[in-house]
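*Asks:* Start counting the sequence shown at 1; every next residue gets the next number (this note's numbering).
Since the hints were derived computationally from the structure, they do not count as laboratory data. Fair warning: this is a prediction, and the values are worked out from it, not measured in the lab. The beta-carbon is built from N, C-alpha and C at its ideal position, and this holds for glycine as well. Among the hints, erroneous ones may be present.
[Said to hold, decoys possible] For lysine to aspartate or glutamate, the following DMTMM-like pairs were computed, each having C-alpha atoms within a straight-line distance of at most 25 Å:
#1 139 with 31
#2 184 with 114
#3 50 with 67
#4 50 with 35
#5 84 with 123
#6 133 with 67
#7 89 with 180
#8 41 with 71
#9 98 with 54
#10 98 with 71
#11 41 with 66
#12 84 with 54
#13 184 with 92
#14 133 with 123
#15 98 with 35
#16 184 with 44
#17 41 with 153
#18 50 with 180
#19 84 with 180
#20 91 with 168
#21 133 with 180
#22 84 with 35
#23 91 with 31
#24 89 with 153
#25 87 with 31
#26 91 with 44
#27 41 with 123
#28 50 with 71
#29 98 with 142
[What the hints assert, rightly or not] Simulated restraints, written as ranges between beta carbons of each label pair:
#30 150 with 91: 23 to 31 Å
#31 38 with 167: 15 to 23 Å
#32 114 with 156: 18 to 26 Å
#33 84 with 181: 46 to 54 Å
#34 119 with 173: 45 to 53 Å
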Amino acid sequence: MQHILKTVITLLISLLMQSGVVNLISTTPHDAVSDFLDGLKNRDSSVMEKYMDDSYVNFITNVQGDDAVVERMNEALFRNFSYKIEKIKTKDDVAVAKVSITSGDFSNVLSGYESASYEYITDNLQSDEIADKDYLNAKCLEIYVQQVEAAADSGTVLETVVYIPMIDDGYYGWNIIMTDDLMKTVLGNLQMPAS
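Please build the complete structure, drawing on both the sequences and the hints.
*Replies:* Structure below.
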């Protein structure tokens, strides 16, 4: 009898612990979307590392340059950023979230950057600094960040609706299916410099 009682108690404790762990780690599609968008806005490395295959996430996370300049870029990118999850539809192991995004309008950043960087290079073609790749990279990043800041400071905002697809990972969580086109829209039509 004592053996049976120990077995029952052990099974009961095991089930209670398992259900407690499942409740702690299980997420809903709503949680997955809000965690991603909050993590993106705050550049939370634990969230960003899940989506490093995306060019935009990789760029925001790994852009090389002076820390203060990179921080200025990130602050400007997310200065006017907000979102509202409107609706989520789920069927079996797939889900789609309809999300309203408000962000700065960065659609002209790349053309402004190309024009300003070309002007800088042609104006300084005879200087020794142009041949210094590290200096030139830092200067080009500074010019790009100036364009991002100008767009954020303009007060022009984009209000768009995006549809974020997700798939159940099979372990009580949902993974967002991220694409460059989706991230470009989330980030106010931002285009990254080619190099």
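*Asks:* Please go over all the hints and tell whether each is borne out by the structure.
*Replies:* Against the structure, the hints:
1. 139 with 31: Violated, at roughly 40 Å.
2. 184 with 114: 18 Å, holds
3. 50 with 67: This hinted pair holds, its Cα atoms lying about 23 Å apart.
4. 50 with 35: 12 Å, holds
5. 84 with 123: 45 Å, violated
6. 133 with 67: 18 Å, holds
7. 89 with 180: 22 Å, holds
8. 41 with 71: 12 Å, holds
9. 98 with 54: It holds: about 20 Å lies between the C-alpha atoms, which stays within 25 Å.
10. 98 with 71: It is violated: about 30 Å lies between the C-alpha atoms, which goes past 25 Å.
11. 41 with 66: Holds - the C-alpha atoms of residue 66 and residue 41 are around 20 Å apart, at most 25 Å.
12. 84 with 54: 22 Å, holds
13. 184 with 92: 28 Å, violated
14. 133 with 123: The given pair, whose Cα atoms are some 17 Å apart, holds under the 25 Å limit.
15. 98 with 35: 15 Å, holds
16. 184 with 44: 19 Å, holds
17. 41 with 153: 18 Å, holds
18. 50 with 180: 15 Å, holds
19. 84 with 180: 21 Å, holds
20. 91 with 168: Given pair residue 91, residue 168 holds - Cα atoms ~10 Å apart, limit 25 Å.
21. 133 with 180: Violated, at roughly 28 Å.
22. 84 with 35: 13 Å, holds
23. 91 with 31: 17 Å, holds
24. 89 with 153: Roughly 36 Å separates the two Cα atoms, so the pair is violated.
25. 87 with 31: Cα-Cα ~13 Å, so holds.
26. 91 with 44: Not satisfied, since the Cα-Cα distance of roughly 29 Å exceeds 25 Å.
27. 41 with 123: Distance ~36 Å between residue 41 and residue 123 Cα, so the pair is violated.
28. 50 with 71: 21 Å, holds
29. 98 with 142: Status violated; Cα separation ~35 Å.
30. 150 with 91: 23 to 31 Å: For residue 150 and residue 91 the Cβ distance comes to about 44 Å; the hint is violated.
31. 38 with 167: 15 to 23 Å: Holds, since residue 38 and residue 167 (Cβ atoms, about 20 Å apart) stay within the stated range.
32. 114 with 156: 18 to 26 Å: Holds: the Cβ-Cβ distance is about 20 Å, inside 18 to 26 Å.
33. 84 with 181: 46 to 54 Å: Cβ of residue 84 to Cβ of residue 181: about 21 Å, so the range 46 to 54 Å is violated.
34. 119 with 173: 45 to 53 Å: Cβ of residue 119 to Cβ of residue 173: about 48 Å, so the range 45 to 53 Å holds.
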